[in-house]
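**Student:** Following our numbering, the numbering of the sequence shown begins with 84 at its first residue and continues without gaps.
Calculated directly from the structure, the hints in this document are not laboratory data.
One should not assume that every hint holds.
As the list claims (entries may be wrong) - Label-pair restraints from in silico Cβ distances:
id, residue 1, residue 2, range
1, D197, G227, 30 to 38 Å
2, E210, S135, 32 to 40 Å
3, N226, Y108, 32 to 40 Å
As the list claims (entries may be wrong) - Capping the alpha-carbon separation at 27 Å, the derived lysine-lysine pairs in DSSO-like fashion look like this:
id, residue 1, residue 2
4, K216, K173
5, K204, K109
6, K124, K225
C-beta: ideal position from N, C-alpha, C; glycine also.
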Amino acid sequence: MKKIIAGVLCLISASVFAAETIPQYKDYPANIYSGKTAPLKVNNETSRMFKSRLQDGLKHNKVAFAGEYALVSWGCGIGGCVEHTFVSKKTGQVIEERIVGGEIGGSLEGYRPDSRLLVTKEYVYDENSGDDKYELKFYQLKNGKFSLIKSIPLP
Numbered sequence: 084m085k086k087i088i089a090g091v092l093c094l095i096s097a098s099v100f101a102a103e104t105i106p107q108y109k110d111y112p113a114n115i116y117s118g119k120t121a122p123l124k125v126n127n128e129t130s131r132m133f134k135s136r137l138q139d140g141l142k143h144n145k146v147a148f149a150g151e152y153a154l155v156s157w158g159c160g161i162g163g164c165v166e167h168t169f170v171s172k173k174t175g176q177v178i179e180e181r182i183v184g185g186e187i188g189g190s191l192e193g194y195r196p197d198s199r200l201l202v203t204k205e206y207v208y209d210e211n212s213g214d215d216k217y218e219l220k221f222y223q224l225k226n227g228k229f230s231l232i233k234s235i236p237l238p
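Given only the sequences and the hints, what does the whole structure look like? Please build it.
**Tutor:** Printed below as a string of structure tokens:
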């Protein structure tokens with residue numbers, strides 16, 4: 084019975100995605116930076132609150148996103164909660180927006196060193212229906228900020 088349910092869910096998912104144009108990594112290219120790592124810029128709330136964690140990530144993590152950004156993650160203390168952000172190895176600038184994930188929250192679903200496209204799965208509460216839902220959200224990094232390109236509800 085579980086296999087039948089899983090198969091039906093896969094068919095539903097395939098039909099939802101077939102009707103949508105999915106943003107592609109190749110459409111948001113980024114050149115990969117290979118120069119010297121810049122010192123952390125402590126110039127926003129995220130960089131001040133998580134200075135040590137960000138400095139460590141900047142020093143030890145490789146470029147993972149948008150050609151120059153290292154992924155830095157830390158626990159938020161509740162139910163497997165994890166926060167993520169990116170810091171530029173080229174400039175030391177932290178992206179202010181943090182992505183929160185974990186048991187109930189969303190997650191990072193996709194990112195590449197050679198692309199400015201970021202894919203997340205995010206929890207959305209529908210006030211009209213009272214339903215808990217998830218959406219795939221596609222963002223591009225533009226001028227150091229995430230800009231939503233597309234959101235696709237998940238079945």
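**Student:** For every hint, state whether the structure bears it out.
**Tutor:** Checked hints:
no., hint, result
1, D197 with G227: 30 to 38 Å, "violated, 18 Å"
2, E210 with S135: 32 to 40 Å, "holds, 38 Å"
3, N226 with Y108: 32 to 40 Å, "violated, 19 Å"
4, K216 with K173, "violated, 37 Å"
5, K204 with K109, "holds, 20 Å"
6, K124 with K225, "holds, 19 Å"
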